[in-house]
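Peer 1: Add chain X to chain A, keeping to what the hints say.
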Amino acid sequence: MFERPSQEQLRAALNDLPEDLGAFQESLRDSLYEAASAEYTSSAADGAVEATCNGLGVLISVRIHPTARRELDNLTLGDAVAQAVRGAEDAGRRAVQERMGSHIFGGRPLTAFVPTVFNDPADS
Amino acid sequence: MGNEFDEFNDALGRYGRSNEDGAPKRIAEAAKQLSGRLNGLLTATADGSDAGGYVSATVTLRGRIESVYISPEAIRDLRGQALDQACVDAITAAKRAGTAALTEQLEGLTGQRLDIDRTA
Chain A
-15 MFERPSQEQL RAALNDLPED LGAFQESLRD SLYEAASAEY TSSAADGAVE
35 ATCNGLGVLI SVRIHPTARR ELDNLTLGDA VAQAVRGAED AGRRAVQERM
85 GSHIFGGRPL TAFVPTVFND PADS
Chain X
1435 MGNEFDEFND ALGRYGRSNE DGAPKRIAEA AKQLSGRLNG LLTATADGSD
1485 AGGYVSATVT LRGRIESVYI SPEAIRDLRG QALDQACVDA ITAAKRAGTA
1535 ALTEQLEGLT GQRLDIDRTA
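Residue numbers (this note's numbering), protein chains in the order written: chain A, -15 to 108; chain X, 1435 to 1554.
Chain A extracted, bound-state conformation (with noise of 0.2 angstroms):
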């Protein structure tokens, strides 16, 4: 059931906002890029399958070991190349999210504020 907050809950979000909203805004904006263009690698099969995305779920590479040829069937080798991209993907929106919940604004982490219709629902 919705509630509409309390005047004293109103009040305290006024309090708890940066001081300084432009200094917040600089140190969210270099947090998040430094997060986005980071790069994270996840394997499968056992490590003879890797792939590297970014912190926004871009495909930067794919490796696939010789071993995984010689011993994975095509079928099985594409499942694992999508299982570390997987990974990969997760572990950045993860580095993602982790940054703006370290940055709190109205006494909330920012990621309360991100539309959840967005988020994966492995996370859920």
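Please keep in mind that the hints were generated in silico from the structure rather than gathered at the bench.
Be aware that a few hints might be false.
What the hints assert, rightly or not - Here are the simulated SDA-like cross-link-like pairs (lysine to any residue), alpha carbons at most 25 angstroms apart as the crow flies: (1) LYS1459(X) x ALA(-3)(A); (2) LYS1459(X) x GLN81(A); (3) LYS1466(X) x GLN81(A); (4) LYS1466(X) x PRO93(A); (5) LYS1459(X) x ALA96(A); (6) LYS1466(X) x ASP1455(X); (7) LYS1466(X) x GLY1456(X); (8) LYS1466(X) x LEU94(A); (9) LYS1459(X) x GLY1474(X); (10) LYS1459(X) x ARG(-5)(A); (11) LYS1466(X) x ALA1535(X); (12) LYS1459(X) x ARG92(A); (13) LYS1466(X) x ARG1448(X); (14) LYS1466(X) x ARG47(A); (15) LYS1459(X) x ARG1471(X); (16) LYS1466(X) x ARG92(A); (17) LYS1466(X) x ARG13(A); (18) LYS1459(X) x GLU(-8)(A); (19) LYS1459(X) x THR95(A); (20) LYS1459(X) x LEU(-2)(A); (21) LYS1459(X) x PRO(-11)(A); (22) LYS1466(X) x ALA96(A); (23) LYS1459(X) x SER(-10)(A); (24) LYS1459(X) x LEU1543(X); (25) LYS1459(X) x ASN38(A); (26) LYS1466(X) x THR1537(X); (27) LYS1466(X) x GLY1482(X); (28) LYS1459(X) x GLN(-7)(A); (29) LYS1466(X) x PRO(-11)(A); (30) LYS1466(X) x ASN(-1)(A); (31) LYS1466(X) x ASP14(A); (32) LYS1466(X) x TYR1449(X); (33) LYS1459(X) x GLU1441(X); (34) LYS1466(X) x ARG(-12)(A); (35) LYS1466(X) x ALA1445(X).
Claimed, not checked - Which bits of chain X does chain A cover? Going by a derived footprint, with three or more residues having C-beta under 8 angstroms, they are: (36) 1498 to 1512; (37) 1520 to 1534.
Stated by the list, open to error - Some, not all, of what chain A presents toward chain X, calculated at C-beta under 7 angstroms: (38) GLY41; (39) LEU43; (40) VAL46.
On a predicted model such as this, the values are computed, not experimentally measured, just so you know.
All residues carry an ideal CB built from backbone N, CA and C; glycine is no exception.
Peer 2: Just chain X now, with coordinates in the frame of chain A:
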């Protein structure tokens, strides 16, 4: 009858500045309907492949990898990093297709053109 986006906008317009006790609940209900519609859109999938057709990938419109298919010909014909790059190309193509499909769906829902780019 409009779609969920129209109904949400309508609820905001009617109840956004209202002091009625039920106003926040009506807005929340409209938001929930819209959220449900968006979640439905994001579970749809899109496909892509590398230029040679050796590798194909399927992603959800949320951008998540559903599957990667490496053809037997890819194993036979692509040596060294060529297979690696074919996988990257297929997944990137699938994500671009997903972005285009999502843009089209959201445009249909909102009546506005959205510029979304989730691939570098």
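Peer 1: For each hint, tell me whether it holds in the structure or not.
Peer 2: Hints versus structure:
no.: 1; hint: LYS1459(X) x ALA(-3)(A); in the structure: 22 angstroms, holds
no.: 2; hint: LYS1459(X) x GLN81(A); in the structure: 29 angstroms, violated
no.: 3; hint: LYS1466(X) x GLN81(A); in the structure: 23 angstroms, holds
no.: 4; hint: LYS1466(X) x PRO93(A); in the structure: 22 angstroms, holds
no.: 5; hint: LYS1459(X) x ALA96(A); in the structure: 20 angstroms, holds
no.: 6; hint: LYS1466(X) x ASP1455(X); in the structure: 18 angstroms, holds
no.: 7; hint: LYS1466(X) x GLY1456(X); in the structure: 15 angstroms, holds
no.: 8; hint: LYS1466(X) x LEU94(A); in the structure: 21 angstroms, holds
no.: 9; hint: LYS1459(X) x GLY1474(X); in the structure: 22 angstroms, holds
no.: 10; hint: LYS1459(X) x ARG(-5)(A); in the structure: 23 angstroms, holds
no.: 11; hint: LYS1466(X) x ALA1535(X); in the structure: 23 angstroms, holds
no.: 12; hint: LYS1459(X) x ARG92(A); in the structure: 23 angstroms, holds
no.: 13; hint: LYS1466(X) x ARG1448(X); in the structure: 17 angstroms, holds
no.: 14; hint: LYS1466(X) x ARG47(A); in the structure: 42 angstroms, violated
no.: 15; hint: LYS1459(X) x ARG1471(X); in the structure: 18 angstroms, holds
no.: 16; hint: LYS1466(X) x ARG92(A); in the structure: 22 angstroms, holds
no.: 17; hint: LYS1466(X) x ARG13(A); in the structure: 30 angstroms, violated
no.: 18; hint: LYS1459(X) x GLU(-8)(A); in the structure: 22 angstroms, holds
no.: 19; hint: LYS1459(X) x THR95(A); in the structure: 23 angstroms, holds
no.: 20; hint: LYS1459(X) x LEU(-2)(A); in the structure: 24 angstroms, holds
no.: 21; hint: LYS1459(X) x PRO(-11)(A); in the structure: 14 angstroms, holds
no.: 22; hint: LYS1466(X) x ALA96(A); in the structure: 17 angstroms, holds
no.: 23; hint: LYS1459(X) x SER(-10)(A); in the structure: 17 angstroms, holds
no.: 24; hint: LYS1459(X) x LEU1543(X); in the structure: 23 angstroms, holds
no.: 25; hint: LYS1459(X) x ASN38(A); in the structure: 39 angstroms, violated
no.: 26; hint: LYS1466(X) x THR1537(X); in the structure: 21 angstroms, holds
no.: 27; hint: LYS1466(X) x GLY1482(X); in the structure: 32 angstroms, violated
no.: 28; hint: LYS1459(X) x GLN(-7)(A); in the structure: 19 angstroms, holds
no.: 29; hint: LYS1466(X) x PRO(-11)(A); in the structure: 20 angstroms, holds
no.: 30; hint: LYS1466(X) x ASN(-1)(A); in the structure: 30 angstroms, violated
no.: 31; hint: LYS1466(X) x ASP14(A); in the structure: 33 angstroms, violated
no.: 32; hint: LYS1466(X) x TYR1449(X); in the structure: 15 angstroms, holds
no.: 33; hint: LYS1459(X) x GLU1441(X); in the structure: 14 angstroms, holds
no.: 34; hint: LYS1466(X) x ARG(-12)(A); in the structure: 18 angstroms, holds
no.: 35; hint: LYS1466(X) x ALA1445(X); in the structure: 12 angstroms, holds
no.: 36; hint: 1498 to 1512; in the structure: holds (count 11)
no.: 37; hint: 1520 to 1534; in the structure: holds (count 5)
no.: 38; hint: GLY41; in the structure: 6 angstroms, holds
no.: 39; hint: LEU43; in the structure: 5 angstroms, holds
no.: 40; hint: VAL46; in the structure: 4 angstroms, holds
Hints 2, 14, 17, 25, 27, 30, 31 from the list above are not met by this structure, while the remaining hints are.
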